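Participant: Since chain A is already given, all that's left is putting chain B on it; use the hints.
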Amino acid sequence: MGRGPAERQGDRVEMSTTLEKERSLTELEADYEETALTLGLPGGSRAGGWDQQERKRGFSETVHLSDGSSGIEPRGGGDLGDESPDCAASGAGGPRASKARVVGWPPVRSYRKNALRGCTYVKVAVDGAPYLRKVDLEIYSGYHQLLTALQEMFSCFTIRDRRLVDPVKGTDYIPTYEDKDGDWMLVGDVPWKMFVASCKRLRLMNIAPRAPR
Amino acid sequence: MPAGGGWAAMFPDEVWEHVFSFLAADGDRNAVSLVCRGWYHIERRSRRRIFVGNCYAIAPTVAVRRFPNVRVVSIKGKPHFADFNLVPSDWGGHADAWVAAMAEGWPLLEELHLKRMVVTDECLELLARSFKNFRVLALSFCEGVSTAGLAAIAANCRNLRELDLQETVVEENCVHWLSHFPESSTSLVNLSIASLEEDVNIAVLEHLVSRCTNLKTLKLNYAVPLDRLVNLLCRAPQLANLGTGRFTAEYRPELFSKLESAFASCKSMKSLSGICEAVPEYLPAIYPICDGLTSLNLCDAPVNGASLTKLVSRCKNLQRLWVMDVIEDDGLAAVASSCKLLQELRVFPCDPYGADPVSLTEHGLVTVSTGCPMLQSVLYFCRQMTNDALFAVARSSPNLTCFRLCIIDPHTPDYVTLEPLDAGFSAIVESCKDLRRLSVSGLLTNNVFRSIGASADCLEMLSIAFAGDSDAGLHYILSGCKSLRKLEIRDCPFGDKALLANAAKLETMRSLWMSSCFVSLGACRLLAQKMPLLNVEVMDEKKRGGSWDSQPDDCLVEKLYVYRTVAGQRSDTPPCVWTV
Chain A
1 MGRGPAERQG
11 DRVEMSTTLE
21 KERSLTELEA
31 DYEETALTLG
41 LPGGSRAGGW
51 DQQERKRGFS
61 ETVHLSDGSS
71 GIEPRGGGDL
81 GDESPDCAAS
91 GAGGPRASKA
101 RVVGWPPVRS
111 YRKNALRGCT
121 YVKVAVDGAP
131 YLRKVDLEIY
141 SGYHQLLTAL
151 QEMFSCFTIR
161 DRRLVDPVKG
171 TDYIPTYEDK
181 DGDWMLVGDV
191 PWKMFVASCK
201 RLRLMNIAPR
211 APR
Chain B
1 MPAGGGWAAM
11 FPDEVWEHVF
21 SFLAADGDRN
31 AVSLVCRGWY
41 HIERRSRRRI
51 FVGNCYAIAP
61 TVAVRRFPNV
71 RVVSIKGKPH
81 FADFNLVPSD
91 WGGHADAWVA
101 AMAEGWPLLE
111 ELHLKRMVVT
121 DECLELLARS
131 FKNFRVLALS
141 FCEGVSTAGL
151 AAIAANCRNL
161 RELDLQETVV
171 EENCVHWLSH
181 FPESSTSLVN
191 LSIASLEEDV
201 NIAVLEHLVS
211 RCTNLKTLKL
221 NYAVPLDRLV
231 NLLCRAPQLA
241 NLGTGRFTAE
251 YRPELFSKLE
261 SAFASCKSMK
271 SLSGICEAVP
281 EYLPAIYPIC
291 DGLTSLNLCD
301 APVNGASLTK
311 LVSRCKNLQR
321 LWVMDVIEDD
331 GLAAVASSCK
341 LLQELRVFPC
351 DPYGADPVSL
361 TEHGLVTVST
371 GCPMLQSVLY
381 FCRQMTNDAL
391 FAVARSSPNL
401 TCFRLCIIDP
411 HTPDYVTLEP
421 LDAGFSAIVE
431 SCKDLRRLSV
441 SGLLTNNVFR
451 SIGASADCLE
461 MLSIAFAGDS
471 DAGLHYILSG
481 CKSLRKLEIR
491 DCPFGDKALL
501 ANAAKLETMR
511 SLWMSSCFVS
521 LGACRLLAQK
531 MPLLNVEVMD
541 EKKRGGSWDS
551 QPDDCLVEKL
561 YVYRTVAGQR
571 SDTPPCVWTV
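Protein chains in written order, with full-length UniProt numbering: chain A, 1 to 213; chain B, 1 to 580.
One chain only, chain A, in its complex shape (with noise of 0.2 Å):
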């Protein structure tokens, strides 16, 4: 959808000629719906949400990763400059397993990091394997990302429905967590930032096969 030389040479001329004449306010209405740049792809209805092949600069372009220098890290857990690659910029096209973040979007200030401190590295046992993995919460901005940290860690499971599936072995691991008072949680009932605050361990707890579809 970009603008190819002549378009832009024509505006270079109207732009100097804009500035000398007076023009009427309906006249220039006129003009600009005449010339409007719309978004969207032709003949194509919006439709809700942020989709990133409508955006008419590249998407590459505007979604860049803060260099996170001034160390002012973003509100909700995570630091633009540290966060899972599945947050940068991905291109236009295909699924995205996670939503992309736009610079300085929502506008919400940058709080401390020290919003939720202590040390946010926890255990993560796997029922059946042989040895531990340990995950920071913090970098992560939300139960999804989360999930699919782990199941980029063990990576034979898929994400179905907030569990993780073995589709090989055809077991559900369901994750749990240990919080504060010794108990043993489902993940995914707090708000997020309640649970970084509470959970000790990570459990991803084996159930029984499931029936085959």
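Just so you know, these hints were derived from the structure itself, not from any lab.
It is possible that some hints are incorrect.
[Unchecked claim] The calculated lysine to aspartate or glutamate pairs, modelled on EDC-like cross-linking and capped at a C-alpha distance of 20 Å, are: (1) A:Lys-180 <-> B:Asp-457; (2) B:Lys-270 <-> B:Glu-260; (3) A:Lys-180 <-> B:Glu-110; (4) A:Lys-134 <-> A:Glu-152; (5) A:Lys-200 <-> B:Glu-250; (6) B:Lys-258 <-> B:Glu-281; (7) B:Lys-486 <-> B:Glu-507; (8) B:Lys-216 <-> B:Glu-110; (9) B:Lys-433 <-> B:Asp-457.
A quick note: this is a predicted structure, and the numbers were derived from the prediction, not measured.
Facilitator: For chain B alone, coordinates are given in the frame of chain A:
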């Protein structure tokens, strides 16, 4: 009436000064100064407070020379979008030149208020040395200072009344800066250090609080634990504005009851903030002061909605409520039925980037709007909205002066009809005749801008993101909106035509910010050429050090900041910024 300006001499200067002293508004004093030369001089010599909305709009030495007897000055630096990391970090807004000029020309300065400026320790040291009567230092959303600079202020400003560091980033290299307040220092009325991340010496703080018997505002940082809060409250039961540190601890009944008594002894408490990471078990300790609270800020308390609701329901006299969306629609319903005096509501997203659903919808906003007849100011983050909801708000809250709605996903339409939210926002601007500040979001076409341009006569600040279809949208705004002072736009298909056709308008405004739009460098060149009283700054962080002169006219400008100024080009632009 004597002819030719001589009528100022009808009365001695002191009489005119006395008359002018009743004019509080800067605009009125500005008008007075235009009447005749006599009044210009009388007014300028008697002006005690000045507000500089853009630190680059006037040279510091010129300001100081014109108003030689200023006691109180407020200066703002970076554009508002700097809060969201859109402005290059080295853009500017340096306070040095101002502090230097003030040290020279205003030895009797008492108060300095800086917002979004880069302040250095050298500034603070110069400040501490230069102003004998210095009383108030308020740095909000600033950066560049360290605790060493604060130590200099503490040590040298004998009669310091206020030290307010709201949201200012401070490098913490001097652990004992608080100890630099001399033993004899008892004048503090406001100590707000919530933005400090490191520990402060709490024993020193307790001693300071004890001896400053006039202390009315105390805003602690996260590092102050709950049990130490108790001690501080016991030493300062006269506090009116409290910001707690972290409000979390293992539940211990005796700590709870001590905390509750401490709050109970604060009979004058009007405003409460902090409550960082509050745990539900300790929230009831706040109940004793709820009845008297007029302002409550729960933005650092991601507690479940039920606990928040119980707390807020007790605050019958609340005028201002800042809370996170975990309060949910139910919680806002409780606010609507309990807080009939509510004037300002801000609802922030607890998890702005997450996709997890929160039960805070447009209903919460409508309920508060219908239930709180004095509602004037709204900032609301949510994930869904309808035109009907906005119609309801327009009907129920015609006295809104500030309406900022942020629907988190860009281009989100009315989720019921799938239409743009043009009609809803149009209803807001048509109904709310006194609207001074507006932020729009969601799916919006040019139509909404036509309405805003035509109806929003009092609008002073407008923020637009991911909206509009074409240049006409921007044109409607710039050719309408009689009172517009600040316009900030990001990611909209607005470009050269509207900008150039309305160049004159920009001189009537403080500033215009446009980023990720379709403005070309050529248009910026034309604009700068045509309007010598505007600084046209283009920014692109990728083009560090490269020559802007050689860039072609048709290259798109990533970030544009245009502001009126009588100071000409500034001399402190970093490599990524070019004044065209």
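Participant: Within a Cα-Cα threshold of 20 Å, do Lys-134 of chain A and Glu-152 of chain A meet the stated pairing?
Facilitator: 13 Å, holds
Participant: Between the alpha carbons of Lys-258 of chain B and Glu-281 of chain B, is the straight-line distance 20 Å or under?
Facilitator: Holds, at about 14 Å.
Participant: Next pair to validate is Lys-200 of chain A with Glu-250 of chain B; report whether the Cα-Cα distance is within 20 Å.
Facilitator: 15 Å, holds
Participant: Can the restraint linking Lys-180 of chain A and Asp-457 of chain B be considered satisfied, given a maximum Cα separation of 20 Å?
Facilitator: Answer violated: Lys-180 of chain A to Asp-457 of chain B is near 55 Å, above 20 Å.
Participant: Tell me if the straight-line CA distance from Lys-180 of chain A to Glu-110 of chain B falls inside 20 Å.
Facilitator: 50 Å, violated
Participant: Would you check the hint for Lys-216 of chain B and Glu-110 of chain B, treating anything up to 20 Å between C-alpha atoms as holding?
Facilitator: 19 Å, holds
Participant: Are Lys-270 of chain B and Glu-260 of chain B close enough, with their CA atoms no more than 20 Å apart?
Facilitator: 16 Å, holds
Participant: So if I understand the rule, the pair passes when the alpha-carbon distance is 20 Å or less; does Lys-486 of chain B with Glu-507 of chain B pass?
Facilitator: 11 Å, holds
Participant: Assess, step by step, whether the Cα of Lys-433 of chain B is no farther than 20 Å from the Cα of Asp-457 of chain B, and give holds or violated.
Facilitator: Holds, at about 7 Å.
When held up to the earlier numbered hints, the structure conflicts with 1 and 3 and fits the remainder.
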